[in-house]
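Enquirer: Single-letter residue listing:
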Amino acid sequence: DTAVSQTPKYLVTQMGNDKSIKCEQNLGHDTMYWYKQDSKKFLKIMFSYNNKELIINETVPNRFSPKSPDKAHLNLHINSLELGDSAVYFCASSQQAASYEQYFGPGTRLTVT
Amino acid sequence: GNSVTQMEGPVTLSEEAFLTINCTYTATGYPSLFWYVQYPGEGLQLLLKATKADDKGSNKGFEATYRKETTSFHLEKGSVQVSDSAVYFCALGSNFGNEKLTFGTGTRLTIIP
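Chains A and B, in that order, give the protein sequences.
Okay, so the first sequence: first residue is 622 according to my numbering, each after it adds one.
Okay, so the second sequence: first residue is 2 according to my numbering, each after it adds one.
These are calculated hints, taken from the structure and not from any lab test.
Derived lysine-lysine pairs resembling DSSO-like cross-links, with alpha carbons at most 30 Å apart:
1. A:640 <-> A:661
2. B:61 <-> A:665
3. A:661 <-> B:78
4. B:78 <-> A:662
5. B:61 <-> A:662
6. A:688 <-> A:640
7. B:78 <-> B:101
8. A:662 <-> A:643
9. A:665 <-> A:643
10. B:78 <-> A:657
11. A:662 <-> A:688
12. B:69 <-> A:665
13. A:673 <-> A:640
14. B:101 <-> A:657
15. A:661 <-> B:61
16. A:643 <-> A:692
17. A:692 <-> A:662
18. B:61 <-> A:657
19. A:640 <-> A:692
20. A:665 <-> B:78
21. A:661 <-> B:101
22. A:640 <-> A:662
23. A:673 <-> B:101
24. B:53 <-> A:662
25. B:101 <-> A:662
26. A:662 <-> B:57
27. A:673 <-> A:630
28. B:101 <-> A:630
29. A:657 <-> A:640
30. A:673 <-> A:692
31. A:643 <-> B:101
32. B:61 <-> A:630
33. A:665 <-> B:101
34. A:692 <-> B:101
35. A:657 <-> A:643
36. B:53 <-> A:665
37. A:688 <-> B:101
None of these values were measured; they are calculated from a predicted model.
My request is simple: use the sequences and hints to build the entire structure.
Expert: Structure representation (structure tokens):
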């Protein structure tokens, strides 16, 4: 019973392609997040949704578009992939927006060639 | 803005050695402080937390004390094990409602038998 799951685990694609990463949580949490972790392990928040509403939108290129069809799912779509998008993307959830106890998924390693 | 500074890694210790990973922060008001751990190939997990000055968080033999006077939250363990090898992240959660965690750069810890 995985609490926060992501698919796919690995994604290798060419520059210019469009790809999506899916995330689901079965914890009943209200808030979900997308983080990007670079090769040096630096972790930066990209987006956060609370009950399907966008509440955090960091300085992220417009090519990245999150979508939350319901509060258990938060997907990330990336258009026109670039080499610099190569990273590990983590989905996370928390019980509510003001809770910093976050549960992370296993990550999706994206490699753009 | 908020920021977290962690000691540079990597850190390599022998089994049963004493561990300290330094963490200092800059924040407005009285943030909550956290240590997250990332084991190889996995997402981050909350290790311990402290929500107010002089609180001590503890878990799995790890401890950290919220020191407001020195704006620090150093992670310690008296006797490390090989299974403690991981990347450790110090993080700060603002209590001014911007609802996002600010992470340090992470410290990679390797324990050798």
